[in-house]
Each structure stands twice: as structure tokens, then as C-alpha cells.
Amino acid sequence: MQLVCPAGNFASLRAAVQNGANAVYLGFKDQTNARCFEGLNFTASELAKAVALGHQQGVDLLVTINTYPRDPDRQRWIAAIDQAVELGVDGLILADPGLLDYAARHHSSTPRHLSVQGSVVSAAGLHLYHEQYGIKRAILPRVLDFNEIQSICANSPVDIEVFGFGSLCVMTEGRCLLSSWLCGESPNSHGACSPSRFVAWQPHSDQTLDCRLNNVLLDRYRPGEAASYPTICKGRYRFNDKIDYAFEQPRSLNLISHLPRLQACGVRAIKIEGRQRSPAYVASVTRIWRKAIDVCRAAPQQFRPEPKDLVELNGLCEGLGTTCGAYIKEDY
Amino acid sequence: MQITLAPSPHPWTPDVTSAFYSALEKAPIDTVVLGETVCSQRDNLSVEAWIELGTKLSAADHAVRLATPILVDSPAAMTLTQEICGQFRFPVEASDTTAIALLHAQRRPFATSPALSVYNAHSLHELVRWGLTHWCVPIELSRSNLLHLTTVWASAFPGTVLPGIELTVYGYPMLSCSARCFTAQAYSRHRAHCEQICRCHPAGMTVNSLEEMRLFLINGPQVCSGELCNLLPCLDDIRQIEIPAVRIIPFSADPAPLLELVHSIHAHPAPLPETFRQGSQGYWLGEAGMAAPAAL
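From first to last, the protein sequence lines stand for chains A and B. So for the first sequence, the numbering used here puts the first residue at 1; every next one is plus one. So for the second sequence, the numbering used here puts the first residue at 1; every next one is plus one.
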């Protein structure tokens, strides 16, 4: 199993490379990727340096160009693909069928991975994309359990990559419009969920803290309560005669204890979420998961994550702890 | 202008479903899309029963399509998708790439629901290569983007006819879908043991902000807009830019308001009744989806 780690900047890239990532995924500084936030991502010259470092250390560089262009602006996405290939990246992570077609026809020797944003959840869908675009790998949306993933791995013509750690989307990736409903920008359209310029924090004299997105109240924190970056799916609302998290609590995904299961499923790569997280996060998460994958490969039956590693990972999680999400549907 | 009725997203019983569509047999609706697209655990009609219902509607001069589940995230959803794609009585409206893959493998033409992320001419062309003949525009796509798409199509694919275009103009569209059932969760139940609790909320469960602003409707594993999306006041323009078909999402088990709405559309150029002039148009106008016309 490969370990695929996030890099929102060069320091995080270095942290991933130095701590044992097999591959690092990153994006350009624009809306061609689904983490288009201020201060994140790479210019072309930074990507050139990233490729040089990665190749020197034997680490693959994967560029995410996984948002959906709208006419008449598609040329920006085409330029991003051309630029990434010219810089010698090891793979393109794409979602839009038109872009996959372009990359397959014009840059056939650069591997194409189907992004989680492509929202393909079945072996049948993967066969279609493999047949049409020669994809080598697909990242599965976080709506499938271990049994379903195992079945897909057994019937897939391509390698399967799944998220193992980090912030969790509870809605199917590539098809979520909650952000654009409130503020006009979504991961699909602008590469951002809850863009920061629409976010406002309002402290009150009673020490409560309101969090708003485009002036809509998403949560109200009690004095001393830990606050997370606001996303609509993790807000608290009034519904069914109560006030609570209507969709999901602010929790992180953590599948490290289930590595033997993922290995048995036939998963080829584990993806760590967190391009918007710090280099320290990337360093710690990469180090812990690298060790876990190597130990599990050697002796899956005996594998147990070390307690101190679990404590460290919990400390890096957002909000209220961790979950296995849809991977275990009995709890879902 | 052609009118399509989208599949009902509501957790109706088989009796309510049958009664609803029976009441529409004489309605001036060109195409009726049938099927359980939200949750394969819902105890609604079987595929055979949908086909029987569709046959009656077809005999009453409606075109009929059968739609597949929006998210194939379980063996039950896969089985339902395979059954719909395996029947040949009616054309299929694919709501997920799984269905597209199955239909493409059969070399069979298909329609796509608005739930598929197709946002530009080149991607639309890919789906046309795979067999798409009828495209329902994603909810998020603006008027400007749609017009640019048709312009790019004409220049990039001269000689290739655009698929039929259908625009959602009325209803509470899906904004997201999940493997989790949010209705069940609201009752502290897991989806596997939901006991069809969604039937207690036949029009969806309202989700308000803590300031009582109505935001969303929970419909099982889907989150829908809490505000009505309504492009009916823009119908003159929609006709003028030659969109051939408009789509209405069923919003009530009572067929009467739907019938009134459909007759109002056909009564053009008579003005729309005030009842049908309310709602948001944000996405169409390139703004936040919930933006009301007064705010734009």
C-alpha cells in the first residue's frame, strides 16, 4: 500500500517527503483544484522545485486539477494540465470527463487518476473511465463500507485509493452544492467549500461566538467551546424540535486501526486529507502512517497502532474526535 | 414548450404514489420520469410496478422515462440500478455514473438527471459519445454558463447536434447526497434500522439556522434546498433562448397545485398567478443559490 500525503505549501511537501510519503498531491494557486484557499498551493516555479525534490527522493508528485470548468473559461484548466505535464509531474488527478479526454489524448504518457471529485462509486463506473481515459487509479468517495470497497477492488480494472485520515466529507464528493447554495461558490465551481472571504466570526459580550457563512449563522459556540472552521455540513441547526448537528459533527476520519482490513480489501493507496493543514500536521501524520503501513504489511494479523501514535493522531484531529464514517455502515 | 415531471423524491407509500400519477394522466405534461431515486430501502413501487404505472401514462400520451438511484452506495442501490437499466420498456434517466456505464455497455441511448456533474460543452460531448441524448442541466449552472456552453459546442463540435436540453424551473432540488440517512439520524437511528421513519416527513424535514432562517430540507440521505427554486418568472426568457423543455420537481402528494402550475405554464402569454412567482433564482443568475430576486 502506498501513502499519499497532502501538501498545501513547500514546507508541507518537504515534511511529507522526509517522513516517508510515497506520493504527494498538490494543486496550483487557482480554482483548478478543490482546495483553492488563500495562501495555499503552488505557482509553476514552486511546482518545478517540488518535482525536483520529489524525484530526488523517489516520491511521486501528483497534481490535482479536479474541479469542473465552465464555459467560456475552460482554457485555464487546459493550461494547468499542460503546465503540470511540462514540469514533469508523475500524475494528474482529474474529475471532469472533458479534461480526462484532453489529458488522455494530448498527454497520454502522464498517468491519470480519477479524483474523488469524479464521484464514481462502482466497478462498472471505473471500467467506463478506464476504457475511455486509461485511468490508472481511482479515489473512492467516502460513501462506501469495507465490504463494498473490497468488492470494487476485486472487480476494478484500476488501482483503488481511499482516504484514511483527515477531515471528513459526509456528502458525496463531486456532487455537493451546500456551499454554493449559501454563498455562490462550491468545490465543483470554485474549488472551495465555505470560502474564507464569506466566513465571519462574531464574538458576543456573553462570551458566545457566532460563526457565519455569507451572513448565515452556521453555529453558536458556548463560552470556552472549541470552534472549528465552518462548513455547512458540520453546523448546528434547529430541526426535528431540537438543536444539534443535523448532518455531521466536526470530526476527523481515522482508519489507522483498520489498516489490516484495508490491506485485505486490496486497496493500493491510502490518502491523507489536509492540504490546508500545517507542515507539523503533515510531518506527524505521514510519520505515523508510514510506520503503521510498514508494520501492517509485515504482520497484518498482529497489527495494532501504538497507543502513543493514536494519542498524537487524536491531537491532530479537528473538533470532537474521530470516526470511521461510512466505512463501517453499522454505525452510520 | 415541453414540460417534464421529475421523479418524485418523496417517501410516499405505493398507494399515494399510484394515486398521484393517476391524477396526472390527463395533465398536459409531456414527459413523466418515474422511479425511486433517493433511497433503495424505501418501500415504494417495484420496478415491475413502475413499468405498469408507466404503461398507463404512456397510453395516456405521456412520454415516460425510468430513473435510477442518485447514489449507488449499497448492494440494494446497485440491484435497483441494474434492474432499471435491464428493462427495455422505457428509456432510462441515469442519475449516477454507474447507470451510465451499464447503459453505455449496452450501447443504449440515455438521459441524465441534473444530479450529474456536467458543466461544459466538452464534458457534455463525452457523454453524448457514450449515448446521451437528453441532458438535464445541473442545478448550479447559470444562464450565462449555459449560453456559453451552447456557443462553445457550436464551434468545437460543428455538425454534432446538441442533446435535448431540459432545465429545472420549479421545486426543491437536491443539494447533496450521502451514505448516511439524516432523517434516521435525527431520530437517533442508523440507516440500516430506519423503519422508514422518513414517512413521518412526507415533504422533508425542515432545517433552520439558530436564527430560524429556513435553510434546507432533509429527505433521507439527501439535503434539499429549504427555499423553493422558481424560474417560472423567467419563462419568457427561457423560451427566447430556445430551451426546449422545463422540468418540475414534484413538491406535494396533492396533485392539485401541480396541475394548476402546469396549466399556468401552458396559459402563456397570460401572466403567472402570484402564487407561482415566489422563490429563489440565484443559481440561474450566477449568484448564491438561495438568493431571492429582490436581493439581486
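Note that these hints are calculated values from the structure, not bench results. Remember, it's a predicted structure, so these values are computed and weren't measured experimentally. Idealized CB from N, CA, C, for every residue including glycine. Watch out, some of these pointers could steer you wrong.
[Claimed, not checked] Per label pair, the in silico range of CB-to-CB distance:
1. Q240(B) to Q75(A): 45 to 53 angstroms
2. G224(A) to T133(B): 52 to 60 angstroms
3. E131(A) to F88(B): 44 to 52 angstroms
4. H106(A) to S155(B): 27 to 35 angstroms
5. Q2(B) to A48(A): 48 to 56 angstroms
6. H193(B) to S257(A): 23 to 31 angstroms
7. V161(B) to R222(A): 41 to 49 angstroms
8. E306(A) to F88(B): 37 to 45 angstroms
9. K26(B) to H106(A): 51 to 59 angstroms
10. H107(A) to S18(B): 29 to 37 angstroms
[Said to hold, decoys possible] Below, a list of computed lysine to aspartate or glutamate pairs in the DMTMM-like style, where the Cα atoms sit at most 20 angstroms apart:
11. K242(A) to E212(B)
12. K291(A) to D60(A)
13. K26(B) to E260(B)
14. K242(A) to E211(B)
Which hint numbers doesn't this structure obey? Per hint list: 1, 3, 4, 7, 8, 10 violated.
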